[in-house]
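Q: Chains U and X supply the protein sequences, listed in that same order.
Residue numbers are given in the working numbering: position 41 of the first sequence equals residue 41, and the series is strictly consecutive.
Residue numbers are given in the working numbering: position 250 of the second sequence equals residue 250, and the series is strictly consecutive.
Simulated from the structure, these hints should not be mistaken for lab results.
The reader is advised that the hints may include incorrect statements.
Derived list of chain X stretches under chain U, where covered just means 3 residues or more per stretch with a C-beta under 8 Å from a C-beta of chain U [stated by the list, open to error]: (1) 5-14; (2) 279-293.
Computed cross-link-like contacts, DSBU-like style, restricted to lysine-lysine with a CA-CA straight-line distance of at most 35 Å [claimed, not checked]: (3) K209/X x K51/X; (4) K15/X x K130/U; (5) K176/X x K152/X; (6) K12/X x K130/U.
Predicted model, so just to flag it, every value in this text is computed and none were measured.
Glycine included, each C-beta is placed from N, C-alpha and C at the ideal position.
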Amino acid sequence: MSNAIPENGDPIVAVHNVCKEFHRNAITIPVLMGINLRLDRGDYLALMGPSGSGKSTLLNLVAGLDRPTSGTVTVCGESLEKSSESRLARWRSRHIGFIFQLYNLIPVLTAYENVELPLTLTSLPRRERKEHVDAALEVVGLSDRADHYPRQLSGGQEQRVAIARAIAADPTLLVADEPTGDLDAKSATEILDLMERLNREFHKTIIMVTHDPEAADRAKQVLHLHKGVLVEGLHAVEGA
Amino acid sequence: MQVLIYIWRNLKRNKLRSMLTILSVGFSLALMTVLHGYMAMQGEWGKEAEKHGRIVVMNSQGFSGTVPIAYVDRIRGMPGIDAATPYAWYGGNYKEEQMPFAQFATDPNAVFNVWDEYHIDPAELAAWRSTRSGCVVDRRLAAKRKWKIGEKIPLQGTFYPFNLDLVLCGMFDSPKNTDSLWFHWQYLDEGLKAMNAPGSGNAGTIFAKLARAEATSGVAQAIDDRFVSSENPTRTQTEAAFAQMFADMLGNIQDYIRNIGLAVAFSLTLVAANAMAMSMRERTTEIAVLKAIGFSRLRVLVTVLGESCWMTLLGGTLGVAIGCLCLQLLHQINSQFFPFAIHEMLGAWLLYLFAISAGIGVASGVVPAVRAAQLSVIDGLRRVV
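Okay, chain U solo, but in the shape it has when bound (with noise of 0.2 Å):
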């Protein structure tokens, strides 16, 4: 496996007239037709579209949780494509930070080793961790309640700390979908605020799954997709 990053000037992600269809029974169902995209490092893109058009599809390709029906997907330097189950999931520990609309946090574990969870899948020792887990939490803003279990936490402190968790070892992409679907209005801009900060501040590239227009405006492209088919933006490109 590839773990290094790309260089300057190779794509953090690069989709290249990638279609995904599924099938039920014997009916084939088109769900990306022909999709071109790429990403460089410190972009933070929005996907925006109707229900059912694709988005969380694309996003699952990217994140290499799923495989195009045709075309490739090349994600910091791994042909997705091609790559097996478990190296895909050796890859997306080093490479892929998850937040999901609903945070996702293990209700057995502590704010700390929720946070923690990805880095027991690395060689770092206990240590090394504790400094991750530590900064993670400091950027979030949750260093006061590492000790608390997700239900002593409000919804929006889960979504915090399920933020820590996707950057707490450090990956080169977040992917995020619906981060803020779940939550109020100040709570939704606190996460805001935080995923524009870590892609200003700590140059991460995000690529968020929005139906808010005002979480899209956060982001630096906004990308609609319209019956599997990417129907405008600044960096859909042809032939990526």
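Fit chain X to the supplied structure of chain U, relying on the hints for placement.
A: Quick look at chain X alone, frame taken from chain U:
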């Protein structure tokens, strides 16, 4: 380390379900521990008996036949025999109690030569020898019953139609609590003769001490050959084989125990598998999250299997501990049938029970674990990602 924390906390996630599963495993393993402990005790009994070079002569038809008392002297005179004594089970009731301890009619002049690892004060032995209605008892039995020398011990016959009025003349020390009382064979025989009752002149069984323990098979064969043409042909076997015969009288009890144990293990597997399947179903999204952040299939498989094994091993440990406690209590209550304390019979059978517990854990966890490992992250996350 964090995986262990995760496994442990998952067990506490639904405390009632985990507790019930652990208790079901624990209760069943406690039962299996008692049954397997009993079998192990039989084995220990046999091994213990092998050490002392004793053989047992009985009628070839088993306990339904008789061994004439005259055979005792003939056996004593055979090469390779150091001592021999009649040993007849009396099986009487003591006061209101039905056969509360073992009672044997034997020869006071020979019995301590046959059981030469037992010890008695010479003065007490002399007193017993000279008192026809005298008896000696295991010192632990006397202590339990608070008997003292001179104690009157009336026994009411059940097999034999002759009651005994015994006087305690002495107490012997044995390596294991035998819970036994020994009295004059002649006292019983004279009583039976006086009543013209059947059974007189019968030695019951004959126990003999060999000059060399390793000559068992040759001497046993010589004894059986000697009486093969008599009216009462004999069957001679080692004390260990004799002990095993009692176990065998219960039928294929060991096979029953093993088969029942396997059936219990199978049903427990289903119970634990149901608990694990429910637990995994409730955590589908969580498992998908673990896989999304980089947990490999193998790691997910090991985590789920670890959880099921941890749960059944907890139950197994609890069950084995309770079972051992029961065996120890049985030993203290009835050391005649449970002659070994638990620390004297520790062995592979206990490891077998722990292996059964772990096996139940693996078997019950394998389907949920494989399903979790094969779970599609996208399906597991559903609409989340």
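Q: Each of the hints needs a verdict: does it hold here or not?
A: Comparing the hints with the structure gives:
Residue count for the region 5-14 of chain X with a Cβ under 8 Å from a Cβ of chain U: 6. That meets the three needed, and the coverage hint holds. Judged by the Cβ-Cβ criterion of 8 Å, the region 279-293 of chain X is covered by chain U as claimed, because 7 of its residues qualify and three suffice. With a C-alpha separation of about 11 Å, the suggested pairing of K209/X with K51/X holds against the 35 Å cut-off. Between K15/X and K130/U, the direct Cα distance comes to roughly 30 Å. Compliance with the 35 Å bound is thereby established for this hinted pair.
For the hint linking K176/X to K152/X, the alpha-carbon distance of about 25 Å falls within 35 Å, and the restraint holds. Distance hint between K12/X and K130/U is fulfilled; the C-alpha atoms sit about 25 Å from each other, no more than 35 Å.
Consistency with the previously given hints is maintained throughout, with no hint failing.
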